[in-house]
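Going down the list, the sequences are from chains A and B. Numbers in my numbering are just positions in the first sequence, counted from 1, shifted up by 2. Numbers in my numbering are just positions in the second sequence, counted from 1, shifted up by 999.
If you're looking for bench data, these hints aren't it; they were derived computationally from the structure.
30 angstroms max Cα-Cα, derived DSBU-like pairs, lysine-lysine:
no., chain 1, residue 1, chain 2, residue 2
1, A, Lys-95, B, Lys-1013
2, B, Lys-1183, A, Lys-131
3, A, Lys-131, B, Lys-1258
4, B, Lys-1009, A, Lys-101
5, A, Lys-79, B, Lys-1257
6, A, Lys-18, B, Lys-1183
7, B, Lys-1257, A, Lys-209
8, A, Lys-150, B, Lys-1009
9, A, Lys-101, B, Lys-1257
10, B, Lys-1183, A, Lys-95
11, B, Lys-1183, A, Lys-79
12, B, Lys-1009, A, Lys-128
13, A, Lys-60, A, Lys-72
14, B, Lys-1013, A, Lys-101
15, B, Lys-1257, A, Lys-19
16, A, Lys-68, B, Lys-1257
17, B, Lys-1258, B, Lys-1183
18, A, Lys-79, A, Lys-128
19, A, Lys-128, B, Lys-1013
20, B, Lys-1183, A, Lys-128
21, A, Lys-60, B, Lys-1258
Label pairs and their in silico Cβ distance ranges:
no., chain 1, residue 1, chain 2, residue 2, range
22, B, Val-1141, A, Gly-17, 54 to 60 angstroms
23, A, His-235, B, Thr-1182, 46 to 52 angstroms
24, A, Thr-93, B, Val-1246, 32 to 38 angstroms
25, B, Lys-1009, A, Lys-18, 40 to 46 angstroms
26, B, Ala-1198, A, Gly-17, 34 to 40 angstroms
27, A, Gly-32, B, Leu-1020, 53 to 59 angstroms
28, B, Thr-1182, A, Glu-262, 47 to 53 angstroms
29, B, Gln-1230, A, Lys-18, 54 to 60 angstroms
30, B, His-1102, A, Asp-217, 36 to 42 angstroms
31, B, Gly-1187, A, Lys-131, 22 to 28 angstroms
32, B, Lys-1183, A, Arg-129, 21 to 27 angstroms
33, B, Val-1206, A, Gly-127, 55 to 61 angstroms
34, B, Tyr-1212, A, Gly-17, 37 to 43 angstroms
35, B, Gly-1115, A, Gly-17, 21 to 27 angstroms
Ideal placement from N, C-alpha and C gives every residue a C-beta, glycine not left out.
Residue-level listing of the chains:
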Amino acid sequence: MADVIKIENLTKSYGKKRGVSDISLTVGGGEIFGFIGPNGAGKSTTIRSMLGFLNFEKGSITILGKDSVKEHVGVLKEVGYMPSEALFYPTMKVSEVIKFAADARELDCREEAEMLCERLQLDTGKRIKELSLGNRKKVSIVCAMQHKPKLFVFDEPSSGLDPLMQSTFFELIKEYVKKGATCFLSTHVLSEVSRYCDRAAIMREGKLIKVDLVDNLTESTVKSVKVTADGVHEEYMYNGDINELVKKLSERKLENLYIEEPSLEDMFMHFYEGKEEVR
Amino acid sequence: MITVCRHELKLGFKALLIWSLSVGIMGLLCILMYTSMEGEMADMAESFSKLGAFSDAFGMSTLSIATLGGFFATEVGTVHGLGSAMFAAITAAVILSKEEDGHTGEFLYSLPISRGSAVTGKALSVLINLVAFTVICGVFYVIGFVALGEDVLWKEMLLFLVRMLLMNIEIASVTLVISAASTKNRLGAGLGLALIFYAYDLIGRVVPDLKDYLFIGPFSLANASEIFSGQKAPVEALIVAAIVIVVAVTATYRVYLKKDLAS
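Using the sequences and the hints given, assemble the complete structure.
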């Protein structure tokens, strides 16, 4: 399918502070794309550049065939964004916030909003200042989804939601994606990426270090080795001939040994910690 | 743009009511006090008019506070001038920066609204609030005149309110730039600026050497004593106000459209 997001050589710095450097990635139509990395890796900078909150100095971003800078408003019409903080105007009622978001889009979203509020069990009569983080997240979900956008951009969407609501939220994403939407999901929760995403990108220190299918990220020749031998416990990733590994280990006095497929968490930690080399 | 404007008017309605009712009722009470003080006013007016620079500063050398027009200009002129200036300054000082300060910017600017039209909508809401404030206060002042059974000085009253409105627009346009450049609410800065402008005008009227430079400050646009004593409009002050408004509004757009929005 055609690229829904195309980022080319995106560079953004905050004066002397690092932002992101030379990011290039594409997201195809109908994908659920995971965007992972530790705090300060540049995930939010990338998202905020995509949505026009930040002016970047180099590169280009095309969303649904439109230039994110020149056709900024046109892009936002097709996007449903859920920020990580989910903060609204405290004195407004939930229903007023939802209506304001629909009015700004010049759309009548009442039917969809009603369905979403029902599924998320959201009380629209309450004022924002009376809501917990989880309920504010639900308002954010409704505002991001009620206009049935072609692209969802979620920044840490599940934090604050209880497990049941997390499940409902991902069900909703899958339903919209089934109908043709695309989802760009920035998260710390690696299990969400391995469970729901088709592909994922890993960011570290402002750079994109890996983009691949989630299956490929975990199904590589790299093995996770946990060994206790000669009274010493070691954990490392091994990439190479497995016979060589067994031969080397047999020379030691083994007390315990696990050789397994690395989880996404292992792979993430491997990239996060900057271990370019594996044993 | 209209959606943003309507949204801001809704959010700012309570503040508008509180400020306009406070200033309007204070003005009304001042007017109503006139009859109870009328007897003593003649002597007081005589004494006040001989206080030299201080009489000039409060307009009592050109107008007699023994007349309702003079009393209104010196008393209500000060209350309305200061109250409306503070309202204008703080309304505009927070209108843009509150989105970043309250972390609501990511919600607002993820909607298909360009920053330019958001600025227009918000600035328009400030203007409507200032007009509404002026009208509400004006109604109270007219009620005061009618309650005393006095003829309303329509010409002077309208001129006073229009020039006060213009002064408020000038002050609001200056604090709008502060709001555009800031990521935090600058309510204190707005209030401070309004008081500095007032102090500048007051000092300018007391210190003879500063009189020639009074036109620089926005309060010189709407000196109630000058208006009620039938003096000509200060052309230099009107020109300065027009320049300040145009420059400040242009700067607001330039700053706000180029800035990175804080999360």
